[in-house]
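Chemist: So the chains spell out like this:
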Amino acid sequence: MANILVYALHYDGAINKNSLGAVSEGAKLAAEIGGEAHAILLGENVPQDLAATLGKYGAKKVLVAEGPEGLAQPLVDAMAAAIQGGGYSYALFGGGLLGFEIGAGLAARLNAGVAMEVTNVRAEGGELIAERPILGDSAISEIKYRSDVGIIIGRLNAFEIKQSGDADAPVEQLSFELSPQAQQATMVTRGEQRGADVDIEGADILVAGGRGLGKAEGFELAEALAAAFGGNSAVAATRAVVDAGWYPYAAQIGQTGKTVSPKLYLAAGISGAIQHKVGMQSSENIVAINKDANAPIFEFSDLGVVGDLNKILPKLTEAVKAKKGS
Amino acid sequence: MKICVLVKEVPDAAVEKKLNPSTGRMDRSGEKNLNPYDTHAIEAAMQIKEGGAVPVEEIVAVTMGPDSAVRALHKAVSLGADRSVHLSDEAVAGSDVAATGYALAKTLQRESPDLVLLGQQSDDGECYTIGAVVAEHLGMPSLTQVIKMDVESEALRCERQAEYGYDTVQIKLPAVISVGDAINEPRYPSLKAIMGAKKKPLDSVTTGDVEIDASKVGGDNSAAQWVAAKAPPSKAAGEIIEDEDTDETVEKIVAWLDERKLI
Ligand SMILES: Cc1cc2nc3c(=O)[nH]c(=O)nc-3n(C[C@H](O)[C@H](O)[C@H](O)COP(=O)(O)OP(=O)(O)OC[C@H]3O[C@@H](n4cnc5c(N)ncnc54)[C@H](O)[C@@H]3O)c2cc1C
Ligand SMILES: Nc1ncnc2c1ncn2[C@@H]1O[C@H](COP(=O)(O)O)[C@@H](O)[C@H]1O
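Read top to bottom, the protein sequences are chains A and B.
The first sequence begins at 1 in the numbering used here and counts up by one.
The second sequence begins at 1001 in the numbering used here and counts up by one.
Quick caveat, the hints were computed from the structure, so don't treat them as lab data.
Fair warning: there could be bad hints in the mix.
Capping the alpha-carbon separation at 27 Å, the derived lysine-lysine pairs in BS3-like fashion look like this [as the list claims (entries may be wrong)]: (1) K1017(B) - K144(A); (2) K1252(B) - K1032(B); (3) K1261(B) - K323(A); (4) K291(A) - K258(A); (5) K291(A) - K323(A); (6) K1252(B) - K258(A); (7) K315(A) - K215(A); (8) K1049(B) - K1199(B); (9) K324(A) - K1049(B); (10) K1235(B) - K291(A); (11) K60(A) - K215(A); (12) K1252(B) - K263(A); (13) K1172(B) - K1049(B); (14) K1261(B) - K321(A); (15) K1252(B) - K323(A); (16) K1148(B) - K1002(B); (17) K258(A) - K1235(B); (18) K258(A) - K1172(B); (19) K1017(B) - K324(A); (20) K311(A) - K1252(B); (21) K215(A) - K1148(B); (22) K291(A) - K1032(B); (23) K315(A) - K1252(B).
Just so it is clear, the structure is predicted and the values come from calculations on it, not from any experiment.
The following block holds chain A by itself, in its conformation from the complex (with noise of 0.2 Å):
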């Protein structure tokens, strides 16, 4: 049977989102190819009634696996059992993190072929074809597979969440065998937030900052400008940033941050890399500050201000508060 098998990750009592868009989707393509979709959740006493609520979404069975969580090696062995135990022809994951390492694991175990950051899924005579944006996202590669599982790792936000129907899905307990390798790995502590608890979900008016602002001072500029725009406005930034430890992770958007879509978003000195673009693509106005006139932000942006953010952030904040004066 060609069913499709979707890793739902989970976290504090609830459903990571791209992996309740990924089990939609999923939904979505067994039907077009004559099989169900199973969800499987692999924790520490994962809560029972939490699983079975994937079968809103479409999941026809919810496998839930025993092992330490937050890693990627536990899951490729729980999964790879699930699938030796046959009728599976694809694994599905979301956007994020754990599951590109876990099906680029599972890929090596089974001899799959694995398709990444594929944005469009589609069915043909039976067969799922994966679209999959490379090259900065100037070209989209159409990938088949060969081997008799595919694997299939979605960008963020690319899966639709999509609830069909009330029912809960009935929950099967899977047993499986650690590997040596996954025994050799220990979450110390996991989802450390790092600064303060800064909302930049709620905001309307986001001044986003990255490495450009080129030191954490350097967000007072950011800062100042948001103060200026008023209301509902909040200064967000990139992962490079916050790795460097000159913003708060709260305030991070992108593959491993947030995702927003607020109606003014106004990048000063952020690159436009792929792992922030998913996270905000879909604001209503995209204004980018920046020195690089071949920065890929540029191809993404409403409207685009090349030049030197230091020069132009102090005046635009001036010019933004006699406005809002006059």
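We have chain A already, so just place chain B with the ligands on it with the hints.
Modeler: Relative to the frame of chain A, chain B with the ligands by itself:
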């Protein structure tokens, strides 16, 4: 401890990446360079060696690629690797991620490393995943996107950002770690190191030398088959302002925002 660093030759950052319309594959002509993300992996190896927490006997740069990839190895050696290994064989050309990871794992197996380091992504392939494939074939634990790595006895304490914040993971050696670009600031090679790089041992191996099953590698044997490439949906180009007179620029920005009632 013996550290192997996986490095790749990629088109130089200044070269526009495009498809070759006749093959539908990437056009690999033009200037090439060592994948910039891999310099962080070499630097991480050097810092372990210089940190002195564990003695490092050797740092070996390993690549799979065409003849020209030798230059990436020279660069890796100029940045600190003691020697290098080049898997060079027509049979591996066109391999997908899974086949590339398999071939690299077989090449690494002969070296028996205690630690394999990789970059966070290749600038051309952008798969983020070779590390996970290599680790599975070697039967080693692994973690990607690591931005802090402390060597403890027989283990590494690694930090990285994942979906819900920063994770700290303890990984026993031998292990495969791909490092994020925030882990360090790579050094520049000295002129002496650049000049000396070509004199360091470079071992060129074929699939047979490292017992790669040739039926599992190469474009025709790869399980993920690239069938076609197409242009993305076209999007109206945005407006561009070149900042010459900043007062004027700011006026234009404000007018643009005002038109859309954003102020
Ligand atoms: C698995 C994975 C997950 C990731 N998750 C995320 C994520 O969630 N969020 C995220 O943002 N990134 C993420 N990244 C990282 C991403 O790939 C980029 O590295 C990052 O977004 C770059 O941040 P940046 O734009 O601040 O820095 P850079 O790419 O260094 O860009 C800085 C820009 O500033 C410009 N600049 C410099 N000085 C000035 C000046 N004076 N005036 C104007 N412009 C100037 C430069 O031209 C440059 O374009 C992830 C990467 C991976 C591999
Ligand atoms: N052909 C190759 N030879 C050696 N190392 C490679 C090769 N391809 C990828 N890598 C390594 O894998 C990392 C991640 O690449 P990728 O998964 O393609 O984004 C790179 O930073 C390199 O360290």
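Chemist: Each hint should be assessed against the structure and marked as holding or not.
Modeler: Do the hints match the structure? See the list:
Using a Cα cut-off of 27 Å, the hinted pair K1017(B) and K144(A) holds, with the two alpha carbons roughly 23 Å apart. With a CA separation close to 40 Å, the supplied pair K1252(B) and K1032(B) exceeds the 27 Å bound. The hinted pair formed by K1261(B) and K323(A) meets the criterion: a straight-line CA distance of about 12 Å does not exceed 27 Å. For the suggested pair K291(A) and K258(A), the alpha carbons sit about 26 Å apart, so the restraint of at most 27 Å is met.
For the given pair, K291(A) sits about 25 Å from K323(A) by alpha-carbon distance, which is consistent with the 27 Å threshold. Annotation: proposed proximity of K1252(B) to K258(A) is violated, straight-line Cα distance about 30 Å (limit 27 Å). A threshold of 27 Å between alpha carbons decides the hint, and for K315(A) with K215(A) the separation of about 20 Å falls inside it, so the pair holds. The suggested pairing of K1049(B) with K1199(B) holds, with an alpha-carbon distance near 21 Å, which does not exceed 27 Å.
Pair hint K324(A) plus K1049(B) does not hold up; C-alpha atoms about 57 Å apart against a cutoff of 27 Å. The hinted pair formed by K1235(B) and K291(A) meets the criterion: a straight-line CA distance of about 23 Å does not exceed 27 Å. Our distance criterion of 27 Å between C-alpha atoms is broken by K60(A) and K215(A), whose separation comes to about 51 Å. Restraint check for K1252(B) and K263(A): satisfied, since their Cα atoms lie roughly 19 Å apart, inside the 27 Å limit.
Pair hint K1172(B) plus K1049(B) holds up; C-alpha atoms about 18 Å apart against a cutoff of 27 Å. Among the hinted pairs, K1261(B) with K321(A) is consistent with the structure: their alpha-carbon atoms are about 15 Å apart, no more than 27 Å. For a cut-off of 27 Å, the pair hint linking K1252(B) to K323(A) stands: about 13 Å separates their Cα positions. At most 27 Å may separate the alpha-carbon atoms for a hinted pair to count; K1148(B) and K1002(B) meet this at roughly 19 Å.
Simply put, K258(A) and K1235(B) have alpha-carbon atoms about 24 Å apart, close enough for the 27 Å limit, and the pair holds. For the suggested pair K258(A) and K1172(B), the alpha carbons sit about 32 Å apart, so the restraint of at most 27 Å is broken. Proximity of K1017(B) to K324(A) is assessed by CA-CA distance (about 44 Å); at most 27 Å being required, the pair is judged violated. Taken as a hint, the K311(A) and K1252(B) pair is honoured in the structure, with Cα atoms around 15 Å apart against an allowance of 27 Å.
Distance hint between K215(A) and K1148(B) is fulfilled; the C-alpha atoms sit about 20 Å from each other, no more than 27 Å. Our distance criterion of 27 Å between C-alpha atoms is met by K291(A) and K1032(B), whose separation comes to about 25 Å. Under the criterion of a C-alpha separation no larger than 27 Å, the hint pairing K315(A) with K1252(B) is consistent with the structure, at around 12 Å.
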